[in-house]
Each structure stands twice: as C-alpha cells, then as structure tokens.
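Here is how the chains run, residue by residue.
Protein chains: 2
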Amino acid sequence: MAVQAVESTSTSTVSLGPAAALSCRECGTRFPLGPIFACQECFGPLEVAYDLPSGGPSQAAALKKRIEAGPDNIWRYAPLLPVPADVADKPNLNPGFTKLVKADRLAAELGVTGGLYVKDDSGNPTHSFKDRVVAIAVEAARAFGFTTLSCSSTGNLAGAVGAAARRAGFRSCVFIPHDLEAGKVVMAAVYGGDLVGIEGNYDDVNRFCSELIGDPLGEGWGFVNVNLRPYYGEGSKTLAYEICEQLGWELPDQLVIPIASGSQLTKIDKGLKELIQLGLVEDKPYKIFGAQAEGCSPVSTAFKAGHDVVRPQKPNTIAKSLAIGNPADGPYVLDIARRTGGAVEDVNDEQVVDAIKLLARTEGIFAETAGGVTVGVTKKLIENGQIDPAKSLVVLNTGDGLKTLDAVAPTTGPTATIRPSLDSFREAGLG
Amino acid sequence: MAVQAVESTSTSTVSLGPAAALSCRECGTRFPLGPIFACQECFGPLEVAYDLPSGGPSQAAALKKRIEAGPDNIWRYAPLLPVPADVADKPNLNPGFTKLVKADRLAAELGVTGGLYVKDDSGNPTHSFKDRVVAIAVEAARAFGFTTLSCSSTGNLAGAVGAAARRAGFRSCVFIPHDLEAGKVVMAAVYGGDLVGIEGNYDDVNRFCSELIGDPLGEGWGFVNVNLRPYYGEGSKTLAYEICEQLGWELPDQLVIPIASGSQLTKIDKGLKELIQLGLVEDKPYKIFGAQAEGCSPVSTAFKAGHDVVRPQKPNTIAKSLAIGNPADGPYVLDIARRTGGAVEDVNDEQVVDAIKLLARTEGIFAETAGGVTVGVTKKLIENGQIDPAKSLVVLNTGDGLKTLDAVAPTTGPTATIRPSLDSFREAGLG
Chain A
1 MAVQAVESTS TSTVSLGPAA ALSCRECGTR FPLGPIFACQ ECFGPLEVAY DLPSGGPSQA
61 AALKKRIEAG PDNIWRYAPL LPVPADVADK PNLNPGFTKL VKADRLAAEL GVTGGLYVKD
121 DSGNPTHSFK DRVVAIAVEA ARAFGFTTLS CSSTGNLAGA VGAAARRAGF RSCVFIPHDL
181 EAGKVVMAAV YGGDLVGIEG NYDDVNRFCS ELIGDPLGEG WGFVNVNLRP YYGEGSKTLA
241 YEICEQLGWE LPDQLVIPIA SGSQLTKIDK GLKELIQLGL VEDKPYKIFG AQAEGCSPVS
301 TAFKAGHDVV RPQKPNTIAK SLAIGNPADG PYVLDIARRT GGAVEDVNDE QVVDAIKLLA
361 RTEGIFAETA GGVTVGVTKK LIENGQIDPA KSLVVLNTGD GLKTLDAVAP TTGPTATIRP
421 SLDSFREAGL G
Chain B
1 MAVQAVESTS TSTVSLGPAA ALSCRECGTR FPLGPIFACQ ECFGPLEVAY DLPSGGPSQA
61 AALKKRIEAG PDNIWRYAPL LPVPADVADK PNLNPGFTKL VKADRLAAEL GVTGGLYVKD
121 DSGNPTHSFK DRVVAIAVEA ARAFGFTTLS CSSTGNLAGA VGAAARRAGF RSCVFIPHDL
181 EAGKVVMAAV YGGDLVGIEG NYDDVNRFCS ELIGDPLGEG WGFVNVNLRP YYGEGSKTLA
241 YEICEQLGWE LPDQLVIPIA SGSQLTKIDK GLKELIQLGL VEDKPYKIFG AQAEGCSPVS
301 TAFKAGHDVV RPQKPNTIAK SLAIGNPADG PYVLDIARRT GGAVEDVNDE QVVDAIKLLA
361 RTEGIFAETA GGVTVGVTKK LIENGQIDPA KSLVVLNTGD GLKTLDAVAP TTGPTATIRP
421 SLDSFREAGL G
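Chains A and B, in that order, give the protein sequences. The first sequence begins at 1 in UniProt numbering and counts up one residue at a time. The second sequence begins at 1 in UniProt numbering and counts up one residue at a time.
Because the hints were derived from the structure by calculation, they are not lab data. Please note that a few of the clues may not be correct.
Since the list gives no way to pick one copy over another, a pair counts as held whenever it fits inside one copy or between any two copies.
Simulated pairs of lysine-lysine, DSS-like, Cα-Cα distance not exceeding 25 Å [as the list claims (entries may be wrong)]: (1) 391 <-> 90; (2) 304 <-> 270; (3) 102 <-> 90; (4) 314 <-> 284; (5) 304 <-> 65; (6) 64 <-> 314; (7) 273 <-> 90; (8) 273 <-> 391; (9) 273 <-> 184; (10) 102 <-> 284; (11) 284 <-> 64; (12) 90 <-> 304; (13) 65 <-> 273; (14) 270 <-> 391; (15) 391 <-> 65; (16) 90 <-> 65; (17) 380 <-> 65.
From a predicted model like this one, the values you see are computed outputs, not experimental measurements.
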C-alpha cells in the first residue's frame, strides 16, 4: 500500500470516545484524529492513542462492571475503542463476542493439558473477523462525514464492507481484481453496492485505490483499509478483550494468531497490554505465536533466520486470506514474537487441509484455510516443543470453511455409496 | 416418514429436566420418555409434555432472573426444555441466542411502521436453525445411551448432525441421496463421521432409515429426525423464547415463519403459549403467518382453498431446504394460522431471489433461499393487507446465503469492470 498523507478537513470536531489522537508508531509524533494513515514527519504508520482510565482497583472494578453489563458484541468495549459513547444505538452489524470454545477433544489429540480454547470468529455476521475491523471503520467514516464506504479486497473484506455499509446506510463501492472466483464475486455483490472489477491483480487494485483517495473523485470516500486504517485496525483489539473476559478476566499463557498483514497480531498484543494497564487482568507473561502458510511465509522465514527485516515473497498457497507477500506489520510481529518468547512458524498446504479436518472432526468447527493454518502451526509448535502443552493456549479461527470449500473438496467425500437396503448397508461394513 | 413405534428399553431412568412424558398430539395418550415417536394407540405424532411451574408472579420473576443469568445460548432456557439441568456443562455446539435485528431500512422499504425485526439464525454454529433442534436431540441421545447419531438429510441437517456429533463425542452416520451437489457433500463430510450416499432419492433415504431403526443393525442409533424427533422438535421453541426475551419479554404482534415439515412453526407457537402460561410475557393476541415457495406450497394451497387436509405436491423450487411435498405438520400449521388470524402464503422463485437481495441491500444480511421465502411472503402479505404494517413484526431467516449461492449467482455480479485508472473509473460513471 502506498504511503500517502491526506490532510483532514474535519479533525477538531470529531468525537470518538476515548481516542485522543493519532500517533506515529515509528517517531511518536501525534496528530489530531482524522482520515490520515501515515505520519507527516516520517511516513510511519499511524495508530490510535487513547486517554484511558488510570487502572486503580476501584476504577478497574467499575469498568469491568460496565463492560459486563454491555451488549453481547464488541460495543461492550466501547470505552476502550475509537467510537462514540452511543455507538450501540447506531445501525451497525454489531459483530463480536463470538464463542471461545473449550476444545477438549482437540486438546486430547494434541496432548494439551493446560486448557485449549478456539476463538471462533466464524460466528461473526459475515463469518470472518473482518466484521470487527470494518465495524470500527464505519464509525470513523460516520464521524468524518464520509458517505461512501470502500476497500480493495480479494474476498472476506469485500463482503464485510458491503454488508456493513448497507446496514449503516452508506453508499458502498468495493474494488476487486476482475478475475476473482465466481463464488467470491457473488458474496461481494449480493449486498447491492457498487462492485468494480479492476483489470489487473490485487496490487493494481491497491494502487488504483491510493490514486483515487488523492483525487477529487474520491472525496467523501472512506477506504476502510487505507485512509481509515488506523481506526479499522483497532477492531482486532476486541479479540484480546473477549478472550480474556471469556477466560474469566485472565490472560492466556499462549496465543496462536494468523499473519496476513500482521496487523491483527499486533493489535491483539496492544489489547492485552491495555487490559493489564487498566487493571482488568492480572499481569503475567504471555507468549504470542504467529502462523503463516509455507507458500506465503515472509514473517516466519525472517523469524527463523533471526532477521529484523521481512523480505517480500510472491504468495502461492491455498490460504488466500493470508496471502500478503509484503506484510506491512511484519517487523512489529517479529518484535512481539521475540519479546514475548513466542515464535512464528508455517505449515504447507497439505498440513493446512489436514488441520481443517482435525478441527472439524474433533470440535465440529469448520474453519477457513486461515484457521487450518493456525491449528496446523499449533500442532507443529507443540511437536517441536515451542508451545508448552501444560499451559493454557488460545488458537484463533478467523473465518468460515464455507468460504474456502475448494480447499477440502478434493479429499472430502462420502464414506460409502450403497443401495437403499440393509443388505447393502451390511456389505459396506457400516453396521 | 414411516409411522413406526419402537419399544424403549430405558424409559424409567432418564432425567430430561422438566420433561415429564411423551404425549400424543392426536389422542393425548401419555408414554414414558423414550426413543419413540409415534403413539402406540393411534399412530399420532408424540411430543414432549412438561411439568412447568405454575406461573404465579413471584415464580415468573424468579424464572426470568434465572434465564437472564444463564449462558448466551439456548441452554439459558434449560428449565423449559427436555434436557438435564447440567446441560450447559456438557460438550455441545451451544447454538442459539442469535441476533434479533431491528430492520429499520427494510421496514422503510416495506412501509412497516410498527417495528420490523429479523431473527437471524445464520449466526448459529453451522449457520442454520438446525443446530437448535440437533442440540436437543444430542442430549436425548445421551440420556437414552445411544452411541451413534444419525439422520437423513439433503443438506443443512447433515452438517448440523456431523458437527454436533463430533463436539459431543458421538459416532455419526449421516445418510444422503447419492447425487447431492458437491458443495453440500463437502459440508456434510468434513466433520469426518460416516457419510453414506444412498442410490435413490430423499424418500428412498428416509425409507431406508426407518428400516434401519427397526433392525438390530440400528441398535444404539439415535436418528435425530426419526426416533428422537419428539425431542429434536422442541429445539424450535427456543426461537419463540429468544424473540420474546430480545423484545424485552413481550410477544410480537405478528411472526412470519417458513414451512418445510411445519414443525418449526408449530413449536414456535407452543413456545409462545408456554411463555404466556408461565407469566413470562403478558398475554395478548399474536398472528402467525406461514411462508412457502410456490414450487412447494401444499400448505398455502390448502390454506387458500379453505381445506383442513394438505394434499402432497412434488417439489420444484430453488428453496430446497423447504422442499417437503408432504409436510407432516401441515394440518397443525393450518390450524394455528387460522386460530391466530394469520395466513399461509407463497412466492415464486424469482420473488425469492428478489427478497434475498432486498434483505441483503437493506440490512446486510445474506439469507438462504428459505430466508428469501419469508421476506418475500412478508412483502406480499403487507401488499395484500393481511399483515398490519402498523404492528410489530418478526421475520425469520433460518439459514445462510453462503449455502445457496447458486440461487443468486446468475443475477449477481460486478457493477462494472474497468482499467486501473481514474479515467476509466470516470468513464464508467462511478465518480
């Protein structure tokens, strides 16, 4: 994505709850809240900075009580997000508070004794974690007076933006490569906003979007993953909040998180640190593990080589929702994995498919390929001793198997085909 | 489905919460709880009879408090279901408590001013309401000591049983017609239990299952929609409970419910009546409307003709999850629609597709064809004056659009395809 600074014309009047400013992750320079995404000093990425309560025991207890009395979706954490206080009353898809499944049968297969949990984000409205980040971007778009919601996408995000825009009453215009699979095009188009195929690959689509933002044609347009990216990214913090609340306000010992751009992993770490700072959980060490597919493993390659810099790769994997060859947050991911004592690992496509099936046959959860990557990497990290099976472990499933049927279709079919008779049933050895 | 009585060998020791007996819906004869589904006196269908609290004000308040403190799934209603009191602690997919969406934009399009809500069951674990009924059947299967969970299915149910069986630790064996669409086979097979294709149509599959139940080969097998059907059906009551609780413990004025076998509609009515009897909601009249696809409309045909008897039809509609030509509960549906002042109506396949798109573009909800049927019928009933737009209205979406992509694919695609340039964007008239 091109680094580009766009001046905001409406920075002084927006009210986004506890969000105080945008802050450069590289040089720390602060900017008023606005639809900008790159530091005007050093071109570093911007993120939301907050005025949060101090974290004293009585304040922590009051905040916990307020959260627990909130709605069963991400807005229960509104006091910790860049959204207006009355966000729950606005039309929104209201994602989040998805199930944290105690996965005892998977634990038995993997030899985990310290408690294994799957955070299953296939339960979101459009069945991927993207609903979380888009929901926050929608509120930022409202605050900045945008009327069109947009994004570049190859799948999950297109559906999430299309759906969220319609519920919230925005015009939407989503850009996709023109040669996307038919099923994904249907999912992106069914919500009825504009869907534009671009003659080119995903990089061409992204370049075009950056051009559009800088042009008067793009006035009034909020691109969730470009000029609204600092807000959008904050949505992933809610995964950290929910996991800890669902564990009874405790930090897990270990987390396995998929890496596409790496933003989700860094924001989950940010969310965990906030909970500690606010006194909502007791401080203790936790380890963060990143998961990639071998066919697109720039971060795990750098991790294993001991590098600080991530060298771009050309993706070639069935885990298409993770196939970002030049992940923007790669260096931050390396830093977090090393700082927490975690690791970054990858699995090949065959292992991804095996892991999807393992999760399905042990827990009845049908995961997207990205979920196969996290479960597969978890298995590998247990086998090579990097994950401690005696400590608690949370594995993310960020999407739904119905969206990546092709990954398992060639190896998934009936056990037997029989005539409708007991004799035929008996002959097939099924009795 | 063949009417067949199977003697239970384990009737006296089961403990299924408030469930007291099975009762014949035709002659009222009661039987001990067991894996039987047809009256041994008159062959009428059996349903679960309960020992419920009296409904005095203090008892109602206590029950309400207990429910509200319960888990965010159907087990919050365990005191009203045929399940053991500790059901929430057992491994189960824990479906339910799906979103009741206030559909203001759809209301505006349809001219509804009294409050329009969509009960969106695509949020269940395998993305259809079947998870509710299967979850109850699983607990019955546990209570009766079954070790294999089974069903005949053409789609949604196969996935729901496969997933639930794995989570709960049962062996599963699901029977499907051998020529099912590849996508549906993948969904049914991915959970890894036995999946058996039967050379024949759905009727042949059903006949075979009935034969298997009566044979020693089928010993220890719980067929969720055959010998566990009385329990299974009760899962649909939770839709009534949730709708009323989510409306602030109030009955809606009007409900639109899809009809396949008709069981869901009759059980929702049963659930609403229980809430009144228990004093959890104030008694007031409500109208129940049934929705069918024109290509499989035996109940709406009978309703419009003023008949009490439903004449079977050969289904031919894209709404395959509703395509039961000889619906077992058809006469009960007719009775409920007439008794409550509702109606049964149907829409054609084109209207189903239009309604799927209408819901998607107004509310960002991508419904299965069955959801297109309910929304389409709602529109029709408002236009012909049978639904009162000034009164509250709840419309059910019982499944997910991802499962019936083919229905909308031919008419859903990009708005435009352009080169990656602002000029090309401008020429397409998108600016």
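Can you give the numbers of the hints that this structure goes against, from lowest to highest? 4, 5, 6, 7, 9, 12, 15 and 17
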